[in-house]
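Using the sequences provided together with the hints, build the complete structure.
FYI, the numbering for the sequence shown is 1 to 396, going by UniProt numbering.
Listed below are the simulated DSSO-like cross-link pairs for lysine-lysine, each with C-alpha atoms no more than 27 Å apart in a straight line:
hint: 1; residue 1: K392; residue 2: K104
hint: 2; residue 1: K248; residue 2: K46
hint: 3; residue 1: K41; residue 2: K140
hint: 4; residue 1: K52; residue 2: K64
FRET-style restraints, in silico, Cβ to Cβ:
hint: 5; residue 1: G343; residue 2: D317; range: 19 to 25 Å
hint: 6; residue 1: K358; residue 2: Q178; range: 31 to 37 Å
hint: 7; residue 1: P61; residue 2: G343; range: 32 to 38 Å
Note that these hints are calculated values from the structure, not bench results.
We treat Cβ as the ideally placed atom computed from N, Cα and C, and that holds for glycine.
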Amino acid sequence: MTNVVATTFSSFDPNRVPSPCFVVDEVAVEHNLKILARVQKESGAKVLLALKAFSMFALAPLVKQYLSGTCASGLHEAKLGYEEFGGQQGSHEVHTFSAAFTAKDLPEILQISNHVVFNSFAQWQRFQRQIQAALVDNPKLDFGLRINPMHSEGTTPIYDPCAPGSRLGIPLAEFSGQDLSGISGLHFHTLCEQGFDPLDRTLAAVERQFGHLLGQMKWVNFGGGHHISHPDYDVDGLIARIKAFSAKYDVQVYLEPGEAIAIRSGVLVSEVLDLTHNQMDLAILDTSATCHMPDTLEMPYRAEIWQAGEPGEKAHDYRLGGQTCLAGDVMGDYSFDKPLQVGQRLMFDDMSHYTMVKTSTFNGIGLPAIALWNSQTDELRVAREFDYDDFKHRLS
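See below:
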């Protein structure tokens, strides 16, 4: 897929917010939500917000207008979906999956979730006492199993749930001799920021391996990693595939995109703190790759900066890095039309999804503020700022 910038920020002045600061354009988010709502309406699927990718509950009222609920990776995300995104009122669903549940957390998860998905037969069997007790209070509670179709579409091993030896999902061989009584759905998650064709191929693999079980289910969850709101995504193809799959197996389809809700909707404002030289020009920023945008190191990928270019593309090259002691806390090499100045603000593009949810305070580095901006009305609100107490209270 082609790279697309968050175009609405061409008119945004980064000096209007504290630095560092995540700024999210609610108009851009709503644009993405409308695309996902169209998929729901025309395909019959239910779309859930994956809180692991985007948990900005200041936008919960907007999200609730368009989507069917949230999906969580454990108790805390489930509680956030329940309390802030409509689960508490019963108007929106809360789905919870974990690679392994704890005996301490599961009872509360069972109270506030609509679907609970297990990663192994061992956990499903181990927690039967708690499960049966929960069904007395909530007979409509559904249970599912995460499957692993052993079909890799990703190119980055760290993000490939179907890599050899993966702990995520149950391969077909493990279903032999197992009792599926009480299981009403199957869940798979194999993609990472990908288009429709990888999903289509994955579905073919799922049908080849698990087709004999699909007709026994009420629902099938296609997981996340779908870049549905990207301009290059084949939305019509997705809708047609969901309709055909649902009709063939008589199941309710669920999708759990996270990045699709937030792509091209936000920036990370950063300030130049110092300019040095060591064989090349260097700039130290008040943001950090390892603390504020760790995916740039893990995936890795190069975050785009507004009005910057590739090295050598513009007149002045700089290597940008953070304040921490980690030698590799480097965002990358960029070029600019003019020399950078201490105090100058920069904007890293597409910084809404998998950013705020992954920030840390390593080295005591402060967390970026979070602001909400409306690109149509120009209304701006700083929703949250962080201080020393946020750092201290994570520690003993």
